[in-house]
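Could you build all of it, start to finish, from the sequences and the hints given here?
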Amino acid sequence: MFSLIVGLVVAVVLIVLNIVLSKLSFPKEGRILAILVILVGYIYWGFEPFAHHEMHPHVEHASYSFDGKQDIEALEHAGKDATEIKAFWATIAKIAEHKGDAVAGKALVTANCTGCHSIKSEGFPEIMSDADAAASYGVTPPDLSIAGKVYDKNYLIAFISNPVKAMHIEHKYPVGGEKVFPMPASDFMQPQEIADMVAYLSDAAQKVPAPTVKKGASEFEISKAVNKEVFETACVRCHAMNYAGIHAKTTAEVMSKYIGATPPDLSQYIRSRGEEYLHNFINDPQRKLSGTGMPRVGLTEKAESQVVEYMTQIGDSKKDEREALAPKVLIYLTILAVFALLWKQKIWRDLH
Amino acid sequence: MAEFEKANSIGEWFDQRLNVKAFTKVMMTEYWIPKEINFLWAMGALLVMLFKLLIITGIFLLMYYKPDANMAFDSVNYTIMQEVGYGWLFRNIHGVGASVVFLVIYIHMFTAIYYGSYKKGREMIWLSGMLLFVLFSAEGFSGYMLPWGQMSYWAAYVITEIFGGIPFIGGDLVIWIRGNFYVSDATLTRFFMLHVLLIPVVLIGAIAFHFYTLRFPHVNNEEGEFFDYKKESEKYLAGDKANSKVIAFWPDFLSKDFMVIAVFMVFFFYLVFYNNGFAMDPVNFDKADGMKTPAHIYPEWYFLWSYEVLRGFFFEIGGVSGKDLGLMAFGFAQGIFLVLPWLDRSPMVKPANQRPVFKYWFWLLMADLFVLTIFGKLPPTGINAWVGFFASATFLGLFIALPFLTKIEAKMVGGK
Amino acid sequence: MINESRRGFMGVAFGAVAAVGAVASLVAMKKSWDPLPSVMAAGFTTVDLSKFTANKLEIVKWQGKPIFLLKFGADMPAVEKRSVKVGANYYSVMIGLCTHLGCIPAYRDTTKDFKCACHGGEFTAAGVHSFGPPPRPLDIPPFTIKDEHTLVLGEAGPEYKALIARLSTDSNIA
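Those protein sequence lines, which keep their order, are chains A, B and C. Every letter in the first sequence is one number past the one before it in my numbering, and letter 120, counting from 1, is 120. Just remember that my numbering sits 352 ahead of the position in the second sequence, which is counted from 1. Just remember that my numbering sits 768 ahead of the position in the third sequence, which is counted from 1.
Hints are supplied without guarantee of correctness; some may be wrong.
For each label pair, taking beta carbons as the anchor points, the in silico distance ranges come out as [as the list claims (entries may be wrong)]:
#, chain 1, residue 1, chain 2, residue 2, range
1, B, 523, C, 883, 24 to 34 Å
2, C, 934, A, 245, 39 to 49 Å
3, A, 342, B, 586, 29 to 39 Å
4, A, 48, B, 690, 26 to 36 Å
It should be emphasised that the hints constitute simulated quantities derived from the structure, not laboratory data. Here the structure is a predicted model, which means the values were calculated and not measured. Beta carbons are placed, not taken as given, at the ideal position from N, Cα and C, and that holds for glycine.
Below, the structure is given as structure tokens:
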């Protein structure tokens with residue numbers, strides 16, 4: 001109804017504008033152009049920005065503090081009890097205050113994690129092939145070499161304490177439900193121990209050298225290699241990137257049992273979802289797509305922007321070329337238009 | 353065979369064989385256009401330019417595109433967009449061009465309605481123009497299917513499904529059009545053929561015909577004035593160009609057209625480079641999946657008004673289901689513009705704002721089409737459905753009322 | 769004069785023969801657009817019902833459409849007008865596309881109903897629309913019952929015809 005009124009108002013405004021401008025002896029062609037621009041602009045506003053605004057309600061921007069604030073707000077907003085989640089994140093905040101000891105952490109990680117997880121950079125190899133691991137755990141466990149820099153520190157603490165709560169997928173793994181998340185919660189450990197483990201992971205990640213690239217590689221190639229490393233750790237356990245020749249480490253069949261759906265190939269997601277959506281979605285999938293099987297991955301702001309940049313470098317690889325060519329073409333066309341105008345004036349001088 | 357004398361120049365050589373000089377006169381330098389025109393008269397030339405751009409870019413896309421349900425999506429989004437040199441540019445021009453061509457068609461069409469350029473001898477111009485509109489719509493629809501994304505698939509699904517509403521043969525007809533029980537590889541390949549061969553060939557013929565229809569009634573002018581072309585052209589040829597009411601197609605008219613085209617191209621390439629999302633829907637960058645419907649299905653912007661008429665009637669009236677009513681209204685909307693010259697019963701050929709009754713009708717129609725277009729994209733729930741219903745009913749009402757309103761106008765102006 | 773009319777007649781005769789050829793070629797062209805035999809053959813899907821468990825939705829693909837097959841448990845009220853009895857059990861056999869805009873609704877085994885994620889439409893286990901924008905119940909595909917645990921989709925058997933006849937008499941459910 002709002003737009004109906006707007007539509008009628010626009011029609012009336014145009015008629016009035018038409019009359020006023022003609023009284024002011026405003027050049028006729030300018031008047032017509034003004035009306036045309038208003039009409040086209042209005043219709044464009046209607047089927048693009050306005051329609052998108054109506055179809056895709058606004059979502060709070062991504063938050064990278066990983067303090068559970070948004071989860072609590074969401075629960076309270078839905079009128080549900082948030083005490084348990086509040087207590088959980090309060091504990092995480094307490095653990096985060098401890099200063100971790102990387103050496104002690106290494107011993108703890110060796111004893112507790114390397115049975116399933118590889119840390120190749122530190123000399124802990126994979127125990128099984130990707131396929132076997134996927135078959136035994138339901139999903140291929142991630143390598144932890146750069147986990148310390150890809151994932152946020154708070155998030156890692158929360159994840160080690162209770163993976164399901166950290167990932168915000170309680171709906172997939174309800175307490176006492178049939179399915180149990182493959183990685184057990186470690187909230188029985190001492191806060192200091194968890195802090196130590198996270199300190200070690202962070203330490204180990206810092207030691208990993210930058211990915212090697214061919215000599216004389218362009219800046220684009222170098223940044224692509226760096227971003228690819230992050231993307232592989234963050235996404236490739238479940239998702240493929242076919243346009244980069246990257247296959248998901250866990251097969252679609254196993255994934256669909258694990259999560260109830262087949263995770264999509266991400267090759268064109270930069271085009272189909274767009275940068276803003278991807279940021280908000282990766283940061284906390286539940287907020288954009290309630291009930292989705294995709295967990296919150298806990299990427300730091302930097303890692304997340306690297307992932308999105310990589311998706312652009314693969315899915316919209318000609319972006320730089322396009323942006324470089326655009327001003328040249330537009331400047332050329334403007335010059336062409338000036339010449340066309342001059343020629344037309346020359347011809348029409350005789351006609352008036 | 354006629355005796356040919358030895359030609360003294362290349363020009364003469366061609367003239368002997370092709371009668372170039374006389375042909376140029378008839379087609380260009382002595383083809384007369386009224387002088388009282390504004391830039392809206394350049395839309396025809398602009399459309400020719402856009403059509404050329406579409407054909408040229410289409411040829412380059414055709415070299416790498418694969419009409420196969422398994423390969424189409426990647427051949428567009430990987431091969432053409434990421435690998436082929438400037439493939440992305442050709443696709444952006446083709447995609448944006450297809451959308452913008454409709455913008456210009458609508459401007460062209462409503463210019464004709466506004467200035468009354470469809471009556472008193474100009475009926476064939478209007479009819480051939482409407483034929484072009486139908487052909488461009490078919491071309492746009494068939495081309496939209498080719499990238500084989502989610503919107504391609506579901507637009508094809510919904511539009512072919514419309515034929516299912518035709519009594520008795522509907523169900524079989526849908527299967528016949530699709531070549532399968534659902535939109536599939538067979539559907540893709542046959543629409544590919546239509547898009548790159550049959551419709552373009554017919555389009556080129558129809559464009560030539562449209563030009564031909566202009567020849568005898570002549571192009572209308574800003575004041576709807578009828579004058580003696582012979583007298584005015586003699587004035588022009590005698591050198592009194594300033595007092596003649598006509599100009600030559602070449603170079604006078606085309607110099608203005610080229611100026612408008614050049615200015616428009618700046619805007620067009622701005623869209624191609626910086627703002628192509630409106631023509632290349634994000635949802636279409638998800639590969640077609642017949643088992644998964646997108647949350648919102650909507651056609652491209654230029655079909656929104658008729659799509660809204662189709663779904664505007666969502667409830668039963670007098671024992672006829674909403675679906676059938678919508679289908680009838682849709683058919684009405686598709687056909688009614690065609691008979692516009694016979695619905696307008698006022699003899700006036702004047703710009704709408706000088707016509708006492710028609711001017712209200714024209715702006716109401718514009719406002720209604722805007723409402724239909726905007727609500728055609730929104731989910732048809734709650735209040736939106738009712739706005740759609742009233743706007744659709746208004747659309748039908750406006751056209752039913754037109755003969756009566758223009759009859760009143762005819763009485764008011766007394767046959768002028 | 770005789771010559772004139774004779775020439776006229778021959779012209780018409782030539783035109784008529786040419787028209788026969790044109791119509792014949794149109795038939796050939798129409799045929800080339802028909803669905804291929806392999807496509808027609810794939811129009812049937814055989815479903816083995818013996819492994820079904822009650823209250824668990826099974827989806828099979830038939831003519832590119834998802835077909836919902838739901839076995840009713842003893843605790844579920846079978847809407848007999850819409851349910852199909854195969855052997856000793858009642859089943860829902862429906863095209864799994866929301867009658868609103870063709871989305872695929874999801875089955876909720878806790879509440880024993882379907883919920884369409886697109887615009888919030890809901891259907892009962894028997895496929896009757898119970899909430900939201902859907903204008904009618906889920907459509908029923910043609911089927912025939914071969915034996916006590918085999919159903920063939922795509923062929924209109926006597927049970928299907930009887931079911932359609934039942935529904936057409938009751939506009940609340942049809």
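Hint-by-hint comparison with the structure:
{"no.": "1", "hint": "523(B) to 883(C): 24 to 34 Å", "in the structure": "29 Å, holds"}
{"no.": "2", "hint": "934(C) to 245(A): 39 to 49 Å", "in the structure": "56 Å, violated"}
{"no.": "3", "hint": "342(A) to 586(B): 29 to 39 Å", "in the structure": "30 Å, holds"}
{"no.": "4", "hint": "48(A) to 690(B): 26 to 36 Å", "in the structure": "30 Å, holds"}
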